[in-house]
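Asks: Protein chains in written order, with my numbering: chain A, 29 to 232; chain B, 135 to 422.
Derived by calculation from the structure, the hints in this document are not laboratory data.
Wrong hints could be hidden among the right ones.
Claimed, not checked - Rough simulated footprint, nothing fancy, chain A against chain B, three-plus residues with beta-carbon under 8 Å:
1. 163-172
2. 218-230
3. 369-382
4. 404-414
Where a beta carbon is used, it is the ideal one built from N, C-alpha and C, also for glycine.
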Amino acid sequence: MSTIQRYTAQERSNHWVVAIAFVLAGLSGLALFHPAFFFLTHLFGGGPWTRILHPFLGAVLFLSFMGMAARFWRYNRITPADRQWMARIKDVLCNRDQGLPEVGKYNAGQKYLFWLLVVCIPVLLVSGIVIWQPWFAPYFPVGLLRIAVVLHALAAWIVILAIIVHVYAAIWVKGSIRAMLRGTVSEAWARHHHRAWYRDVTGK
Amino acid sequence: MALQSLDIKARSATTTQPPAARDPLHVAKLIDISKCIGCKACQVACMEWNDLRDEVGTNAGIYDNPRDLTDQSWTVMRYSEVEVQQGRLEWLIRKDGCMHCEDPGCLKACPAPGAIVQYVNGIVDFHEEHCIGCGYCITGCPFNVPRISKKDSKAYKCTLCSDRVAVGREPACVKTCPTGAIVFGSKRDMIEHAEGRIADLKARGYANAGLYNPEGVGGTHVMYVLQHADQPELYAGLPKDPHISPLVGLWKGITKPLMSLGIGLAVFAGFFHYVTAGPKEVEDEKVD
Numbered sequence: 029m030s031t032i033q034r035y036t037a038q039e040r041s042n043h044w045v046v047a048i049a050f051v052l053a054g055l056s057g058l059a060l061f062h063p064a065f066f067f068l069t070h071l072f073g074g075g076p077w078t079r080i081l082h083p084f085l086g087a088v089l090f091l092s093f094m095g096m097a098a099r100f101w102r103y104n105r106i107t108p109a110d111r112q113w114m115a116r117i118k119d120v121l122c123n124r125d126q127g128l129p130e131v132g133k134y135n136a137g138q139k140y141l142f143w144l145l146v147v148c149i150p151v152l153l154v155s156g157i158v159i160w161q162p163w164f165a166p167y168f169p170v171g172l173l174r175i176a177v178v179l180h181a182l183a184a185w186i187v188i189l190a191i192i193v194h195v196y197a198a199i200w201v202k203g204s205i206r207a208m209l210r211g212t213v214s215e216a217w218a219r220h221h222h223r224a225w226y227r228d229v230t231g232k
Numbered sequence: 135m136a137l138q139s140l141d142i143k144a145r146s147a148t149t150t151q152p153p154a155a156r157d158p159l160h161v162a163k164l165i166d167i168s169k170c171i172g173c174k175a176c177q178v179a180c181m182e183w184n185d186l187r188d189e190v191g192t193n194a195g196i197y198d199n200p201r202d203l204t205d206q207s208w209t210v211m212r213y214s215e216v217e218v219q220q221g222r223l224e225w226l227i228r229k230d231g232c233m234h235c236e237d238p239g240c241l242k243a244c245p246a247p248g249a250i251v252q253y254v255n256g257i258v259d260f261h262e263e264h265c266i267g268c269g270y271c272i273t274g275c276p277f278n279v280p281r282i283s284k285k286d287s288k289a290y291k292c293t294l295c296s297d298r299v300a301v302g303r304e305p306a307c308v309k310t311c312p313t314g315a316i317v318f319g320s321k322r323d324m325i326e327h328a329e330g331r332i333a334d335l336k337a338r339g340y341a342n343a344g345l346y347n348p349e350g351v352g353g354t355h356v357m358y359v360l361q362h363a364d365q366p367e368l369y370a371g372l373p374k375d376p377h378i379s380p381l382v383g384l385w386k387g388i389t390k391p392l393m394s395l396g397i398g399l400a401v402f403a404g405f406f407h408y409v410t411a412g413p414k415e416v417e418d419e420k421v422d
């Protein structure tokens with residue numbers, strides 16, 4: 029099986045720092061989100077430790093995500109072909125891939141996920157700083173705190189849903205996970221899922 | 135339950151019904167502002183009974199001292215000089231502190247199970263040993279009462295001397311008030327007592343005298359007799375129609391269970407997509 033390099037070691041490391049920070053920030057955030065998830069505080073050493081650690085995990089998530097966003101920004105511009113691809117999302121979901129518009133390094137679904145995160149993660153950072161006890165929250169008026177808690181919960185919810193879709197897509201589309209673990213994909217995978225990118229990197 | 139008098143009616147971050155076999159007396163503290171002389175004996179009694187010592191501050195040129203509620207000052211007198219009628223100066227002194235809302239916003243906002251409880255008698259109490267220091271109670275409170283300690287990052291406020299009330303005594307501030315401006319008893323008795331005071335004030339020319347027991351938070355277990363009940367803002371910004379912010383309602387109301395459900399559904403949708411539509415495999419992957 030001949031393979032193509034899709035991600036460098038740095039890109040992969042960056043992605044996994046983001047992923048680990050997301051899982052930890054997500055679990056500690058859910059713990060404070062609804063009583064049903066409060067038991068997750070045990071993973072972080074109890075309630076106060078969860079409250080202390082969560083914002084720092086969020087800061088790591090933000091910084092590492094910004095690094096990744098800078099790396100992948102240029103591959104994620106939305107094109108007319110993306111809209112056509114999105115119009116046929118039903119076929120994509122039913123694995124009827126024949127005749128789909130050619131896809132570059134990323135398909136429209138991946139691109140929308142990217143832009144959703146580019147919007148939501150800074151919202152999480154800013155709203156998170158506003159409610160960050162005990163360092164920053166005392167300096168903001170209570171009206172702003174109330175807006176920030178709602179925005180923070182909403183943005184976090186959107187990100188969690190988006191990442192569930194992202195993780196599922198990686199499980200669903202066989203051959204994808206190795207791209208982010210090992211850095212390589214098979215030629216067949218590249219040709220099938222990312223034809224335009226395949227032509228770019230191989231010249232075939 | 136340790137003490138029957140401290141049966142819990144509502145508990146923060148708890149979605150099931152706490153023990154509800156008994157329904158003891160509902161209590162209330164009534165503060166008659168028309169009788170208050172601003173001596174601050176209640177502040178001292180509060181510090182003494184609760185073993186609190188705030189830092190000695192500086193005189194800012196007004197009587198308010200300390201200037202604000204803190205984790206060490208659970209009640210403060212707020213002095214307002216107002217001219218409700220031209221040429222008639224009135225000195226309105228309000229003892230500020232937790233209002234012990236029937237529908238407590240702090241408890242609604244709190245994510246830590248059992249850090250905030252409401253006893254069946256109506257007292258809202260913070261159990262600091264369960265507090266995680268997130269400050270959500272501050273966003274929930276319509277009266278700007280909870281304060282986070284800089285020392286331990288726990289939230290503090292007036293307990294209505296729940297420890298005293300539990301054994302049949304009145305709160306320390308009530309016990310010490312030299313003019314009888316603060317009284318304590320069953321909520322029904324306090325409303326009745328207030329009615330007498332209001333009739334008296336009306337007879338003395340305070341046509342708008344009335345009871346402050348705001349409906350927006352389901353009524354409170356600390357109530358005021360106000361000379362000018364039509365303008366509670368005169369009393370150092372006492373809110374006219376306090377209610378839990380709709381943002382907090384949105385944040386802690388129906389949306390959270392719905393959002394949690396959404397997350398669960400997303401996971402299920404993925405799983406069932408996999409078992410129905412199946413994975414996307416490139417057939418010649420192995421051959422190529």
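Asks: Count the residues of the stretch 369-382 of chain B with a beta-carbon closer than 8 Å to any beta-carbon of chain A: does the count reach three?
Replies: holds (count 3)
Asks: Would you say the stretch 404-414 of chain B counts as covered by chain A, given the rule of at least 3 residues with C-beta under 8 Å?
Replies: holds (count 7)
Asks: How about the stretch 218-230 of chain B: do at least three of its residues have a C-beta closer than 8 Å to a C-beta of chain A?
Replies: violated (count 0)
Asks: How about the stretch 163-172 of chain B: do at least three of its residues have a C-beta closer than 8 Å to a C-beta of chain A?
Replies: violated (count 0)
Violated hints, listed in ascending order, are 1, 2; each of the other numbered hints is respected by the structure.
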